[in-house]
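Asker: Could you build all of it, start to finish, from the sequences and the hints given here?
Note that the protein sequences, when read in sequence, are chains A and B.
If you count the first sequence from 1, position 360 lands on 360 in the UniProt record's numbering, and the numbers rise without skipping.
If you count the second sequence from 1, position 319 lands on 319 in the UniProt record's numbering, and the numbers rise without skipping.
It should be emphasised that the hints constitute simulated quantities derived from the structure, not laboratory data.
Keep in mind that the hints are not guaranteed to be accurate.
[Unchecked claim] Derived DSS-like pairs (lysine-lysine); straight-line CA-CA distance at most 30 Å:
1. A:Lys90 / A:Lys38
2. A:Lys59 / B:Lys591
3. A:Lys38 / B:Lys650
4. A:Lys162 / A:Lys193
5. B:Lys517 / A:Lys109
6. B:Lys650 / B:Lys601
7. B:Lys344 / A:Lys301
8. B:Lys356 / B:Lys344
9. B:Lys781 / A:Lys59
10. B:Lys650 / A:Lys37
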Amino acid sequence: MKTCSTHIKITSIIAIVIPLLFSCTRDMDVHIKNVEKKIVVQGLFSDEEGWDIVLLTTKDMTQNIDTYVKNATVEIASGTDPIIRLHYTKFGHYQSEQKPVAGKAYTLKIDTPGYDEISAQSSIPVPVKAKVDDFKINWLTYMYPNDLLDYDVFPLTVRFEKPVPDANIIFRAEIFNPESGYNRYLLPSSAVKELEQQGIPSLAATRLEQLADQWQTDPGIYEKCFDGTETYTEETKHYNMLMEKLQKKTVKQREYAAFEPTMCFADDNWISNISYDTYSVFGQGQQVEKASLFYADPNLKYDMQYNSGPKPGKEYWLEVTQGNADYYEYYRTYILQISQRLNPYSGPVEVYSNIKNGVGIFAGYHRQMIHILTY
Amino acid sequence: MSHLRNILLILLFFYRQVDAQEYATISGYVRDSTASENLNSATIYDQNSQQGTLSNTYGFYSLTVPAGKVNLIVSYVGYQPKHLKLIVRKDTTLNFRLSSRNQIQQVQVSVKKKDAVTSLPGHQHITMQSIEALPGFLGEQDVLKSLTILPGVQQGHEGSAGIFVRGGSPDQNLILLDGVPVFNASHLFGFVSVFTPEALQSVDFYKGGFPARYGGRLSSVVDVRMKEGNKNKPETNLTFGIISSKFTHEGPITKGKSSYLISARRTLLDLLVTSAAKINKLSSSDGATVPGLNFYDFNLKLNFDLNRKNRLYVSFYTGGDRLFSRFFMNDSYTGQENHEITSKQTTNVNLHWGNKIGAIRWNSQIGDKLFLNTTLSSGLFQYTIHNNYKQVRTEANERTKQQTDIKYNTLVNNNKLQFLFDWYLTNQHKIQFGSNAEVNWFVPGKQEISRNGETPFKRGNGWTSNKALALFADDHWTPGEKLTIYGGLRYDFYLLQGEWFTYLQPRVSLCFAPSPKYSINLSYDEMAQPIHLLTNSSIGLPSDIWVPAIKNVPPEYSRQIAMGIKTAISSNLNYSFDSYYKTMKGVINYKAGYSFMDIYKDWGNLVETGTGRAWGFEQTLNYENRRLKWWLNYTLSWNNRRFASINDGKPFPFKFDRRHDINLGLVLKLSKETELSAIWTFQSGQAATVPQMDYQAAGPTDYTTTDFITGKDIEDPDRIQYIDNYNGNRLPAFHHLDIGFTFKKQRASYEREWKIGVYNVYARQNPYMYYPYTNARGYLKYRQISIFPFVPSISYHIHF
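Answerer: Okay, here's the thing in structure tokens:
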């Protein structure tokens with residue numbers, strides 16, 4: 001009996017101690033192969049703007065700065081049309097004032113010393129005008145199946161003027177805030193040098209240099225250049241130094257970059273949201289005539305019900321983008337990769353590329369912005 | 001039809017050959033003398049005519065010998081052989097009872113040596129004694145883990161469910177308990193298998209050279225047989241261990257004629273953990289969490305001798321895991337009009353998964369040469385989640401209640417009727433043939449959400465089914481002492497979405513032994529699999545979902561060719577070398593970015609089908625004498641997959657492609673009562689996709705910034721991670737050394753056994769999971785989680 005109780009004691013003690021021994025974490029040594037740098041093509045084009053192709057290289061994820069390709073020959077060809085040669089401006093941009101035309105097939109050719117010739121083909125789909133049916137705001141509670149959360153939404157129907165053949169369509173809800181949306185900010189490259197002399201971290205200076213001399217819609221983009229480079233106590237000092245150097249102006253156009261995304265959900269069989277993304281609705285189909293959506297903004301319902309003061313005056317818009325199949329697949333896989341990056345259950349997602357001997361995308365699209373309401 | 005006619009003519013020819021001479025058939029059963037358990041694969045050999053045969057799964061044998069004097073020797077590994085001299089004039093029934101022995105004698109070694117050289121390729125018959133001699137994990141001897149010491153069989157990683165056989169995935173293993181498929185063969189996230197060793201009789205493992213009676217999976221067969229129960233006297237086994245405690249009791253219902261076996265196993269660890277959390281809950285008024293995890297198994301077997309030629313068996317198994325967490329939070333504060341507001345929230349999360357298996361088996365001896373086994377069986381695996389949230393809010397004596405219930409259910413159910421004939425046509429031809437009909441039911445993921453008693457919102461993939469019919473036959477042909485040929489044909493018919501899919505699967509194995517010291521073997525197998533497993537990972541979560549093959553995701557199919565040699569270097573030392581090449585088509589993978597969390601969508605659109613290719617070389621060197629047994633197994637292998645949308649459609653290494661797999665082990669009898677065992681396992685690092693480069697995304701990049709699952713912000717959503725080579729990186733190698741001591745003592749009325757062991761003696765931190773993070777200097781690093789750095793164990797076993 002004594003032996004038995006000793007056994008039970010020993011067993012019990014070990015039973016408690018053992019779980020404490022489980023699990024530990026440490027940095028892992030992964031056998032990583034050397035990966036060759038590839039040329040990245042950022043070549044989304046629409047019939048609203050001139051040609052603008054950005055060339056850079058893939059970079060080691062442990063580095064912080066992109067390397068732009070400055071010495072490439074970039075040409076666009078379309079049938080028997082004269083070849084368009086794009087001119088290098090800065091930060092990897094190769095541009096032309098000539099605008100692409102919907103329905104034409106374009107071939108991109110890039111020659112870069114030290115790399116194989118890069119090529120890709122694409123076109124802009126023939127646009128079909130879209131409009132939103134008259135609607136009354138009828139608030140509903142919608143449970144988004146992908147995250148099982150409730151959203152306050154109202155239904156909206158988008159109707160195309162005629163059936164869209166081979167439709168590859170992306171819907172996004174956007175907000176334009178007139179208070180900030182017309183402001184533009186610029187940091188001259190001379191100011192970057194001055195800031196560097198005043199002691200800002202060199203990594204921040206390099207990042208700022210890449211944004212210098214370009215008007216930006218959001219001053220926060222400059223602030224972001226300091227991320228990870230400064231101590232907590234330096235933050236305010238650097239912020240004030242930066243703000244002093246920023247130039248500001250106002251514009252009259254609602255430029256696309258000044259819109260902010262808000263939420264939009266699918267309410268039709270042929271369209272859906274991707275993964276956990278709440279901003280974009282994707283759909284592919286044949287002879288598509290309409291799409292039913294749920295439009296949502298986290299603050300709009302509250303503002304309408306409880307804000308008795310002046311209306312904020314925010315404009316609510318719907319973006320309808322008709323892309324070709326490459327454009328659609330690129331965006332679909334991009335959102336999928338972002339959404340699943342931390343999901344331990346998901347396998348890695350490769351982002352679609354149609355660039356031969358490189359990565360990135362060369363794809364045409366047509367974008368329409370439809371005003372929904374102002375509140 | 002002409003093929004069938006030819007086969008019948010050949011059979012008739014052989015039968016007439018036998019008939020034309022004066023022969024007599026000796027038939028009967030070979031059983032254990034103590035418990036009357038049937039002995040499978042016992043050898044019955046007539047030394048005069050040099051004719052021999054093997055008993056079948058149920059101990060039945062039939063041997064035709066020239067009429068006259070016979071000198072029989074009946075042997076079975078671990079048992080005293082029995083010699084019998086007699087004169088046989090006519091067909092005779094002889095039942096043998098062999099006695100178990102402790103001392104290994106020369107006769108047995110010679111029999112074993114012959115078996116070791118001439119056994120068919122790809123097959124291992126494993127007794128429970130050999131499994132029990134190995135060091136266990138946390139004191140648990142485990143059938144599936146013990147298979148991973150064999151060459152060509154890999155453990156995924158620590159804590160992974162299932163085994164990986166010759167480039168296959170865990171769903172490609174047909175795991176049978178008394179002939180019924182077990183769909184989820186693991187407990188505790190894959191650390192322990194569902195098989196209670198004390199309730200088992202033997203395990204037959206096939207990685208190639210598949211008999212035609214097995215079908216429905218591509219890579220391996222693990223045929224686990226439960227004990228039948230002692231027909232002569234009651235026996236009890238009790239085990240107290242860290243992971244679980246077990247009780248097994250067996251005995252006669254009617255002495256010598258019928259028996260029963262009951263076995264129960266349950267975790268005890270959760271009682272401690274949950275109790276501690278409950279005590280903590282009592283001391284906390286604001287909030288607490290009470291977690292718990294347990295598993296259980298219950299086996300029942302009944303066995304009746306209806307008469308001399310008919311037997312009835314009833315098998316039942318139920319087992320499962322339960323993971324739960326109860327969370328509560330109380331809150332009170334003052335509202336706008338000085339009302340006191342109280343809020344009580346409770347969340348109950350219950351996950352339950354498990355198998356239920358039932359089988360009725362009728363053995364019937366039809367004459368001296370024919371044996372029929374009829375089985376009616378049903379197997380079910382079900383996984384359910386029930387998440388219940390309640391909030392009761394009281395403000396100014398007004399009470400509001402909110403409740404949300406989320407239920408998730410996935411299941412697979414197999415119902416089968418099988419007729420299996422063993423026909424001892426001649427001593428050279430042992431033919432097995434039969435058929436089975438199956439109906440499989442699936443619920444591939446259904447969710448029901450209800451709030452505050454409202455009509456539930458339902459979604460997912462509801463009930464679906466497929467049907468299968470199989471006809472099979474094979475001939476175990478021994479044209480001479482030096483050659484054994486095993487030729488089989490299986491014809492599967494699958495009814496999938498109203499359309500029949502047929503698969504004719506030839507299987508051939510041969511073993512040529514020009515001398516008793518070495519043999520050459522060759523096998524070719526084709527296998528079809530009408531069900532798929534949707535899985536993202538192999539971390540042992542029950543989130544894996546079984547689905548039927550459908551028209552656009554058709555059954556998987558494999559072809560495997562294997563060649564090898566076996567040689568007895570000395571009476572104690574054996575060496576074998578095998579090589580294999582396997583192709584698979586129709587293997588499935590979730591499309592990029594999809595996981596089991598999307599299963600409420602049409603699952604057929606979430607997956608893509610591809611191909612697989614695996615090849616490798618397996619070597620075994622093993623030594624055994626009375627005191628010492630050691631082995632060295634080494635596998636060099638390659639394992640690729642190919643899917644159109646992954647890696648630009650180029651082949652890439654399968655996640656569990658391990659180039660080198662080494663297993664070194666020993667079992668040493670230190671004294672009559674003490675035994676030492678040790679196993680060192682090494683596997684090359686598993687393949688992984690570790691992005692090293694990225695680039696700026698084009699166009700609008702202001703998408704989701706918070707991950708739904710982890711709730712963490714996704715860093716740099718405007719940057720695309722560039723995947724140059726899918727699964728092109730290697731995680732650190734996986735290795736550990738396990739040792740165990742067994743101390744046995746035989747008392748007058750009972751036998752007791754202490755097992756003390758250490759898993760991972762030198763505390764190797766093998767990666768279980770890994771995740772990326774950015775360190776303080778801004779560099780991307782990968783951090784690994786290891787779960788079993790050093791785990792001692794102890795268990796106490798008593799048998800009476």
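Asker: All hints are to be evaluated individually against the structure, with a verdict given for each.
Answerer: Structure-based check of each hint:
1. A:Lys90 / A:Lys38: 20 Å, holds
2. A:Lys59 / B:Lys591: 27 Å, holds
3. A:Lys38 / B:Lys650: 19 Å, holds
4. A:Lys162 / A:Lys193: 55 Å, violated
5. B:Lys517 / A:Lys109: Judged against 30 Å, a Cα distance of about 68 Å means the pair is violated.
6. B:Lys650 / B:Lys601: Status holds; Cα separation ~28 Å.
7. B:Lys344 / A:Lys301: 28 Å, holds
8. B:Lys356 / B:Lys344: Distance ~38 Å between Lys356 of chain B and Lys344 of chain B Cα, so the pair is violated.
9. B:Lys781 / A:Lys59: 16 Å, holds
10. B:Lys650 / A:Lys37: 20 Å, holds
Violated hints for the displayed structure, listed by number in ascending order: 4, 5, 8.
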